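Asks: Chain residues, written in single-letter form:
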Amino acid sequence: MIPLSHAVARRKLLQWFASAGLGPAIGSKLVADEVGAAKGARELQPTPVEDRPHYPAFLRDGQVIQPERPLPVFRETDVLVVGGGAAGFAAAVSAARAGVKTMLVERYGYLGGLWTGGIVLVVISTHATQNGDLTQVVRGIGGDLMDRLAKVQPGIVNYEPGKHNPTSDPEATKFMMDQMITEAGVDIAFHCWATDVIMEGNTIRGVVFDSKAGRQAILAKVVIDTTGDGDIFAAAGAEHEQRLHAIGLVHRIGNVDRVDKDKLAQAGLKQMGSIEPLPSVRWVNLRGPSTNGLDIAELTRLEIEHRKAIWERVQKIRATPGGEDVYLMQVAPQLGVRTTRLLAGTHQLTYQESREPRTFPDTVAIGGAQNGKHAGWPIPYGVLLPKKLDGLLTAGRSSCVDEKLVEDMRLIASCLTTGHAAGAAAALAVKDNCTPRDVDIAKLQALLKEQGAYLG
Amino acid sequence: MSRWVSLIVIAALVSPWLRSVLPVAAVSPFVALVSAVAARSVGIITLIGLPMLILAVLVPRVFCRFVCPVGFLQEMAARLRLPGRARWRSWPRVGRWFLWLTIGGALAGYPLFVWLDPLALFTGFFSAFRLPTTIATIGAGALLPLAMLLDVLFPGAWCKRMCPLGALQEALAIAKQSLANRTRATDESLFSCPHSPVIPTSSPFALARRPLIASLVGGAGALLARHTAAKPPPLRPPGSLPEDQFTGVCIRCSGCIRVCPSRILKPDLGQHGLAGLLAPVADFDTAYCKEDCNACGQVCPSGAIQRLSLAEKKRSIMGIAKVELSRCWLAEGRDCTACIRSCPYEALSVSSDGFDSHPALDASKCIGCGACEAACPARPERAIRVFSNNLTG
Numbered sequence: 000m001i002p003l004s005h006a007v008a009r010r011k012l013l014q015w016f017a018s019a020g021l022g023p024a025i026g027s028k029l030v031a032d033e034v035g036a037a038k039g040a041r042e043l044q045p046t047p048v049e050d051r052p053h054y055p056a057f058l059r060d061g062q063v064i065q066p067e068r069p070l071p072v073f074r075e076t077d078v079l080v081v082g083g084g085a086a087g088f089a090a091a092v093s094a095a096r097a098g099v100k101t102m103l104v105e106r107y108g109y110l111g112g113l114w115t116g117g118i119v120l121v122v123i124s125t126h127a128t129q130n131g132d133l134t135q136v137v138r139g140i141g142g143d144l145m146d147r148l149a150k151v152q153p154g155i156v157n158y159e160p161g162k163h164n165p166t167s168d169p170e171a172t173k174f175m176m177d178q179m180i181t182e183a184g185v186d187i188a189f190h191c192w193a194t195d196v197i198m199e200g201n202t203i204r205g206v207v208f209d210s211k212a213g214r215q216a217i218l219a220k221v222v223i224d225t226t227g228d229g230d231i232f233a234a235a236g237a238e239h240e241q242r243l244h245a246i247g248l249v250h251r252i253g254n255v256d257r258v259d260k261d262k263l264a265q266a267g268l269k270q271m272g273s274i275e276p277l278p279s280v281r282w283v284n285l286r287g288p289s290t291n292g293l294d295i296a297e298l299t300r301l302e303i304e305h306r307k308a309i310w311e312r313v314q315k316i317r318a319t320p321g322g323e324d325v326y327l328m329q330v331a332p333q334l335g336v337r338t339t340r341l342l343a344g345t346h347q348l349t350y351q352e353s354r355e356p357r358t359f360p361d362t363v364a365i366g367g368a369q370n371g372k373h374a375g376w377p378i379p380y381g382v383l384l385p386k387k388l389d390g391l392l393t394a395g396r397s398s399c400v401d402e403k404l405v406e407d408m409r410l411i412a413s414c415l416t417t418g419h420a421a422g423a424a425a426a427l428a429v430k431d432n433c434t435p436r437d438v439d440i441a442k443l444q445a446l447l448k449e450q451g452a453y454l455g
Numbered sequence: 000m001s002r003w004v005s006l007i008v009i010a011a012l013v014s015p016w017l018r019s020v021l022p023v024a025a026v027s028p029f030v031a032l033v034s035a036v037a038a039r040s041v042g043i044i045t046l047i048g049l050p051m052l053i054l055a056v057l058v059p060r061v062f063c064r065f066v067c068p069v070g071f072l073q074e075m076a077a078r079l080r081l082p083g084r085a086r087w088r089s090w091p092r093v094g095r096w097f098l099w100l101t102i103g104g105a106l107a108g109y110p111l112f113v114w115l116d117p118l119a120l121f122t123g124f125f126s127a128f129r130l131p132t133t134i135a136t137i138g139a140g141a142l143l144p145l146a147m148l149l150d151v152l153f154p155g156a157w158c159k160r161m162c163p164l165g166a167l168q169e170a171l172a173i174a175k176q177s178l179a180n181r182t183r184a185t186d187e188s189l190f191s192c193p194h195s196p197v198i199p200t201s202s203p204f205a206l207a208r209r210p211l212i213a214s215l216v217g218g219a220g221a222l223l224a225r226h227t228a229a230k231p232p233p234l235r236p237p238g239s240l241p242e243d244q245f246t247g248v249c250i251r252c253s254g255c256i257r258v259c260p261s262r263i264l265k266p267d268l269g270q271h272g273l274a275g276l277l278a279p280v281a282d283f284d285t286a287y288c289k290e291d292c293n294a295c296g297q298v299c300p301s302g303a304i305q306r307l308s309l310a311e312k313k314r315s316i317m318g319i320a321k322v323e324l325s326r327c328w329l330a331e332g333r334d335c336t337a338c339i340r341s342c343p344y345e346a347l348s349v350s351s352d353g354f355d356s357h358p359a360l361d362a363s364k365c366i367g368c369g370a371c372e373a374a375c376p377a378r379p380e381r382a383i384r385v386f387s388n389n390l391t392g
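Chains as they are written, first to last, in numbering that gives the first Met the number 0: chain W, 0 to 455; chain U, 0 to 392.
Calculated from the structure, these hints are not laboratory results. Keep in mind that a hint or two might mislead.
Residues from chain W that face chain U, not an exhaustive set, calculated with beta carbons under 8 Å [unchecked claim]:
no.: 1; residue: LYS262
no.: 2; residue: ALA266
no.: 3; residue: GLN270
no.: 4; residue: GLY272
no.: 5; residue: SER273
no.: 6; residue: VAL283
no.: 7; residue: ASN284
no.: 8; residue: LEU285
no.: 9; residue: GLY287
no.: 10; residue: PRO288
no.: 11; residue: ALA308
no.: 12; residue: TYR350
no.: 13; residue: GLN369
no.: 14; residue: ASN370
no.: 15; residue: GLU406
Being a predicted model, the structure only gives us computed values, none of them experimental. Note that the Cβ used here is the ideal one computed from N, Cα and C, for glycine as well.
Using the sequences and the hints, build the whole thing.
Replies: Here it is in structure tokens:
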């Protein structure tokens, strides 16, 4: 038996070698893959059809009715973070490092949200001027991430002492977030879009999400809404407001090191885009019109219109003497939705308060200065905490701030610091078996400092 | 021994003023008179100085004797004089020239030597401690010590011979006396004061000749000084008189500069022409003119900065913002809205059209408070700056 099976394997291998040899274009890499496949993995082999609960919606009196049905519970966890952008990433790492069971669900296949998928590569307001000195305010989880990015090439630029507002490489950032999240022991599920909440009275007990594997539930003791759009707190009925903001689409152009700057400047093309770690590449912002980021028709229209505008802009550069080599390298996978829902928190932080800056007994993060010039602004815990809903925290751009402070809160830097704060608070609530509302602030601040956060 | 006592007395008198922002100079009748003449109007603050003016007619040198802190300091300083040092008695009486040149200048809209008013010197000295050290602040602050030094070397040289306020009081006494001479004999009691002048008994025409010539010269000088005013004029505090009057009426007491909580007011170093030397200019490098503050107008003793209510101040136009798109981050594609958010009057908004976004200004709402300029992150030159509204007209 044994020699025979060896013979079969050998024969198969020879067949594959033969087919690999059909064309000189098929290289040794392919052969190696096929050898690997020969060792065990099988493609296009039949696999049992998964048994999936079948409860289709139906029409009754012209209305679409969704039938009542039990949902399979995908996981039970202590802390559930919904949305893997900058805020969700920091929240999940912080909670897991604090030693509680943490799960993160993300609708796309990578972490970083608008930072990496939106190609908003610059981390604005990482620093502030504290007592006359340029001081890094994004420390803790976000600081750890940037420190790690500084050790790889191409990782991050403008992250040396004396500088502020660094720019990172999107792929390096995604990779490093993956590393940190797995290192911390976060249970992560990509390609899961949270669509609803599980309620028990006034307390959120988990979320319902959709995926290729159908609709399932995750139960959690504390849920952190870092969807950016407040999808979770809105579904839970928490009080919130909704705002319109400019929605753009970032793109990247390549070969900018091969342009004739003088010639382009003569033609009125002075600004190619913003620098990033790759020397021949620039990322280009597009502000876009102010509209509703929750409206599918608007989002669709803008994807198409913005992509057209980007295409035409790059063609214009290519048609200009000096810019012939420039090419459109990438259009961001995600639209740049700046602001939609803002939680009505127990404290609404105002622009006025931030510029005084007002201090709070429950400071959990320090916001930075976009120009690095003014003082850091303390962010109280109340901006993350819903007025009435229990078991939930938010962080990042959906935090409770006024119209003017949105412009600071929605930045990656603030997302990292408030995300860190929310993660630590959720972990503490689980440990002390209380709601996030009743978390001991002194203990929370001690935990944040232990995790390297800067609180002024 | 008495020298030490004098020093202690001087220190005791000086120290409380180091942090004070009271408009002391308003008490000076000289300031009140020439400011009112130059501004062609009588403000509330002017009325503080007028009773003193009337009193000076009745009692010779009343201000010097009972009010003037510089006079008191001079007396103390005079006791510090080095023994054996000879007094120089023939120090020229330049004070009356200062007086008439200034009055003549005031008639032409620019009171030339109003900044030599002792109370202006006094406040100017204390302002120097609250201001960044520059040649101008040192210059303004050095006048009082210089005057005192003069009196250490030549006792009475400042007060009796140079002070224009002293000369004004003397002139009033002379005028009163020469009127009295027409009707009755000289009242000896007038001369009981050691500071009182020797009153000549010439005819009124002879008396008036020199002041007349000095006034004419002063007027011509004032017209010349006003001619040096820079175009565009610099930014002045909110509620300032029109530029051509402002530089004349301002007595350079630095009261506004000291009281400004944002510290945006700085003494003019002459960048904007000789006429405005040491007058306050607004600078929005780090801060702006706060919407809930009208302090500069409250302390201005001359009325160069008018007293505005907070509601009036919010409508008082200092200048107008102007965006230079070639330096603007938002126009460059960076997502900056610093100026838009900082504007307390909501005069700025984002104008967007595809890739082209930039700040748009509603000129009818902009009062030139400088919040946008202070917030603008563009360097080395800001993308948004406030310019005097006289320029845009």
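Asks: Tell me the numbers of any earlier hints that the structure contravenes, in ascending order.
Replies: Checked against the structure, the hints that fail are numbers 1, 2, while the rest are satisfied.
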